[in-house]
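Participant: One-letter residues, chain by chain:
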Amino acid sequence: MRIQIIIGQLLRIGVFTSIGIAFLGGVIYLSRHGHEVVDYATFKGIPDYVKPANLFTSVFELRGRAIIQVGIMLLIATPVVRLIFSAIGFAAEKDYRYAAITVLVLGIIIFSMLSGKAG
Amino acid sequence: MQHERIVLMTVLTFTLILLAGAYAAGLLGSLTGLGGGFVVIPLLTLALGVDIHYAIGASLVSAIATSSGSAAAYVKEGITNMRLGIFLEIATTIGAFTGAILAAFIPAHFIAILFGTVLIFSAIISLKKKSNEVNLKKSYLAEKLKLDGQFPEGGGFIAYRVINVAGGFCMMIVAGIISGILGIGSGALKVVAMDGVMRIPFKVSTTTSNFMIGVTAAASAVVYLQRGYIDPGICMPVVIGVVLGALSGSKILVRTASAAWLKYLFAGIILILAIQMIYNGLLGRI
Numbered sequence: 001m002r003i004q005i006i007i008g009q010l011l012r013i014g015v016f017t018s019i020g021i022a023f024l025g026g027v028i029y030l031s032r033h034g035h036e037v038v039d040y041a042t043f044k045g046i047p048d049y050v051k052p053a054n055l056f057t058s059v060f061e062l063r064g065r066a067i068i069q070v071g072i073m074l075l076i077a078t079p080v081v082r083l084i085f086s087a088i089g090f091a092a093e094k095d096y097r098y099a100a101i102t103v104l105v106l107g108i109i110i111f112s113m114l115s116g117k118a119g
Numbered sequence: 001m002q003h004e005r006i007v008l009m010t011v012l013t014f015t016l017i018l019l020a021g022a023y024a025a026g027l028l029g030s031l032t033g034l035g036g037g038f039v040v041i042p043l044l045t046l047a048l049g050v051d052i053h054y055a056i057g058a059s060l061v062s063a064i065a066t067s068s069g070s071a072a073a074y075v076k077e078g079i080t081n082m083r084l085g086i087f088l089e090i091a092t093t094i095g096a097f098t099g100a101i102l103a104a105f106i107p108a109h110f111i112a113i114l115f116g117t118v119l120i121f122s123a124i125i126s127l128k129k130k131s132n133e134v135n136l137k138k139s140y141l142a143e144k145l146k147l148d149g150q151f152p153e154g155g156g157f158i159a160y161r162v163i164n165v166a167g168g169f170c171m172m173i174v175a176g177i178i179s180g181i182l183g184i185g186s187g188a189l190k191v192v193a194m195d196g197v198m199r200i201p202f203k204v205s206t207t208t209s210n211f212m213i214g215v216t217a218a219a220s221a222v223v224y225l226q227r228g229y230i231d232p233g234i235c236m237p238v239v240i241g242v243v244l245g246a247l248s249g250s251k252i253l254v255r256t257a258s259a260a261w262l263k264y265l266f267a268g269i270i271l272i273l274a275i276q277m278i279y280n281g282l283l284g285r286i
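Same order as they appear, the protein sequences are chains A and B. Using our numbering, you'd call the opening residue of the first sequence number 1 and step up by one each time. Using our numbering, you'd call the opening residue of the second sequence number 1 and step up by one each time.
Only chain A is shown next, with the shape it has when bound in the complex (with noise of 0.2 Å):
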């Protein structure tokens, strides 16, 4: 099946690509910040310049956090994608329960996106 060869080759591409940028980001992030103590003994929330609204500002800046951030959520992306080709895959199938039943998982997903931000 076809579908499933592409599908195979877009996980493949999704994960090294994010990784590819996170290693970017991170060259960056080491060289500015490398010779700094390490602080993570408190949980302190989500930190300025990773916040949804501020990243791209940051990545324009090359800050290379958000470089690594942008790769983290490329990752994160990857298998929502997925899911994506999984549906219009059973689309063309004309198997239209589970082209259903995966756009309800990507409903899920995106309902828990859109209501993880309290607390």
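Keep in mind the hints are simulated off the structure, nothing from the lab. Remember, it's a predicted structure, so these values are computed and weren't measured experimentally. Take these hints with a grain of salt, some might be off.
[Claimed, not checked] Here are some chain A residues the structure puts well away from chain B; computed CB gaps all over 12 Å:
| no. | residue |
| --- | --- |
| 1 | Phe56 |
| 2 | Phe60 |
| 3 | Glu61 |
| 4 | Thr78 |
[To be verified] Label-pair restraints from in silico Cβ distances:
| no. | chain 1 | residue 1 | chain 2 | residue 2 | range |
| --- | --- | --- | --- | --- | --- |
| 5 | A | Ala91 | B | Lys138 | 23 to 31 Å |
| 6 | A | Ile84 | B | Cys170 | 49 to 57 Å |
| 7 | A | Ala91 | B | Lys128 | 16 to 24 Å |
| 8 | A | Ala77 | B | Ile158 | 33 to 41 Å |
| 9 | B | Thr13 | A | Lys94 | 28 to 36 Å |
| 10 | B | Ala159 | A | Ile88 | 24 to 32 Å |
| 11 | B | Phe157 | A | Ile84 | 26 to 34 Å |
| 12 | A | Ala91 | B | Ser248 | 32 to 40 Å |
| 13 | B | Phe157 | A | Val37 | 56 to 64 Å |
By construction, the Cβ of each residue, glycine as well, lies at the ideal position given by its N, Cα and C atoms.
Since chain A is already given, all that's left is putting chain B on it; use the hints.
Facilitator: Then chain B, alone, in the frame of chain A:
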């Protein structure tokens, strides 16, 4: 929360230690099929004194990477049951979302104890004898949902049927919740649901479970991301290390026929880590 072990080191040292540790975790995780998260969380919390919320965030991201990377190969070979996987993802994503929301309200030391318990359980499951026994009993729901399938074996295909769909579905909700709270793929629980409850052949249940981990983890990762659990400085070396380790692991797996002793070694390491996590959790040190 008191932290008795404050570790002072530079970002560079921290990154290199994590990179090496994550590489080892990815290597062992792919050889045993348990995934890298089991080593990553204790490494971060016990050895490097990192808050457990950052640890579960990094672990979850690495689970997505390894799942997506290895699922690519199995999907191609036609072992993965895509319909079954997607159907059960309804359960795991609902569970993962619930778990990610719950994680904010659960005290850190309790997360550590729960993690240790799941760890012990997974180590036992990994040592259990695997059978590719094929079930041929019919089930109304499985037929309706077209869950029955076949997998390639020795040049031909072996057909199998799925039973107890409702039971497996409920078990998957639990697996999703655990995954959302602990930031692990909970592959062991998924295999129990498919292998034990739904009587799916082992080869199919492991690859389908792996295939599902990415989507399940994405459902809780979108919550983690907005709550700051996913820290770029920690995730970068963890993800790169785990993926490179898993890649090396898959190369070794092709060459060596049996990795039985490795399985016992890894189960032993996991048991020690699990006891450490529970012990430190009970003392409130995590």
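Participant: All the hints need checking, so say for each whether the structure fits it.
Facilitator: Results of checking the hints against the structure:
Distance check for Phe56 of chain A against chain B: the nearest CB is about 15 Å away, which clears 12 Å, and the non-interface claim stands. The non-interface label for Phe60 of chain A is consistent with chain B: the shortest C-beta to C-beta separation is roughly 16 Å, beyond 12 Å. No beta-carbon of chain B is positioned within 12 Å of the beta-carbon of Glu61 of chain A; the least distance is around 14 Å. A cut-off of 12 Å between C-beta atoms contradicts the statement that Thr78 of chain A is not in contact with chain B; the least separation is 5 Å.
Separated by about 28 Å at the C-beta atoms, Ala91 of chain A and Lys138 of chain B satisfy the suggested range of 23 to 31 Å. Our hint of 49 to 57 Å for Ile84 of chain A and Cys170 of chain B is violated, since their Cβ atoms are close to 27 Å apart. Between Ala91 of chain A and Lys128 of chain B the CB atoms are about 39 Å apart, so this pair departs from the stated range of 16 to 24 Å. The hinted range of 33 to 41 Å is satisfied by Ala77 of chain A and Ile158 of chain B, whose Cβ atoms lie roughly 35 Å apart.
Taking 28 to 36 Å as the suggested C-beta distance range, the pair Thr13 of chain B and Lys94 of chain A does not conform, at roughly 57 Å. Here the CB-CB span from Ala159 of chain B to Ile88 of chain A is close to 27 Å, well matched to the stated 24 to 32 Å. Against the hinted window of 26 to 34 Å, the Cβ-Cβ separation of Phe157 of chain B and Ile84 of chain A comes to about 29 Å, which satisfies the hint. Between Ala91 of chain A and Ser248 of chain B the Cβ separation comes to about 39 Å, which falls inside the hinted range of 32 to 40 Å.
Separated by about 58 Å at the C-beta atoms, Phe157 of chain B and Val37 of chain A satisfy the suggested range of 56 to 64 Å.
Against the hints set out earlier in the document, violations occur for numbers 4, 6, 7 and 9.
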